[in-house]
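There are 2 protein chains.
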Amino acid sequence: MKPTTPYYAVIFTSKRTEGDSGYNKMATQMMHLAQQQKGFIGVESAREKIGITVSYWESLVAIQNWKANTAHLVAQEKGKTNWYASYHVRICKVEREYQFEL
Amino acid sequence: MKPTTPYYAVIFTSKRTEGDSGYNKMATQMMHLAQQQKGFIGVESAREKIGITVSYWESLVAIQNWKANTAHLVAQEKGKTNWYASYHVRICKVEREYQFEL
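Those protein sequences? They're chains A and W, same order as listed. Okay, so the first sequence: first residue is 0 according to numbering that gives the first Met the number 0, each after it adds one. Okay, so the second sequence: first residue is 0 according to numbering that gives the first Met the number 0, each after it adds one.
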């Protein structure tokens with residue numbers, strides 16, 4: 000995952016409700032579906048007290064198209080009715096980056 | 000944490016080396032120190048296979064000042080020699096955001 004800046008990031012932070020209720024299955028499906036979208040660059044995710052998922056995209060249009068994807072709309076709706084106590088979405092332009100590796 | 004866009008986010012993703020070696024103590028110290036910096040807005044963190052820490056700042060200058068903070072420079076150096084197998088830092092402008100709460 001080494002695109003050139005600027006590109007875009009969606010920071011999705013969330014608190015889950017209790018229990019699975021199909022969440023993990025849908026999360027895996029959405030992860031696969033996102034990867035098939037035009038303009039998708041990559042995704043990283045970790046959950047402890049809160050979950051943080053950051054997805055990377057070539058353009059704002061690619062993000063808009065993913066948000067409007069029909070299967071994703073169904074997942075977003077179930078997110079609000081079943082899976083999330085709260086979430087926060089931030090659309091960001093990645094302006095600079097650097098890396099370290101041992 | 001409800002600033003007005005645009006503000007800035009630093010997405011720090013990392014893989015840890017084995018063992019603690021003082022990492023958790025330093026991470027807690029740096030979390031407290033960051034919160035005292037001018038222009039600091041907030042921070043969110045989760046670790047599973049990878050760690051994701053996102054800190055939020057009022058300006059790029061606030062981010063530069065935090066990066067150059069003396070105690071933080073010591074921590075950054077130990078990060079490279081002791082604690083991280085790899086990391087990736089992305090400096091981002093938060094352009095839009097929305098929230099959901101049950």
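These aren't lab readings, by the way, just hints derived from the structure by calculation. Some clues are possibly wrong.
[Claimed, not checked] 30 Å max Cα-Cα, derived DSS-like pairs, lysine-lysine:
1) A:Lys92 - W:Lys92
2) W:Lys77 - W:Lys92
3) A:Lys79 - W:Lys92
Inset, instruction - Sort out whether Lys92 of chain W lies within 30 Å of Lys77 of chain W, counting only the CA atoms. - result: holds (28 Å)
Legend entry - Straight-line alpha-carbon gap Lys79 of chain A to Lys92 of chain W, limit 30 Å: At roughly 27 Å apart (the allowed maximum being 30 Å), Lys92 of chain W and Lys79 of chain A satisfy the hint.
Legend entry - Agreement of Lys92 of chain A and Lys92 of chain W with the hint, judged by alpha carbon distance not exceeding 30 Å: holds (5 Å)
In this structure, none of the earlier numbered hints is contradicted; all agree with it.
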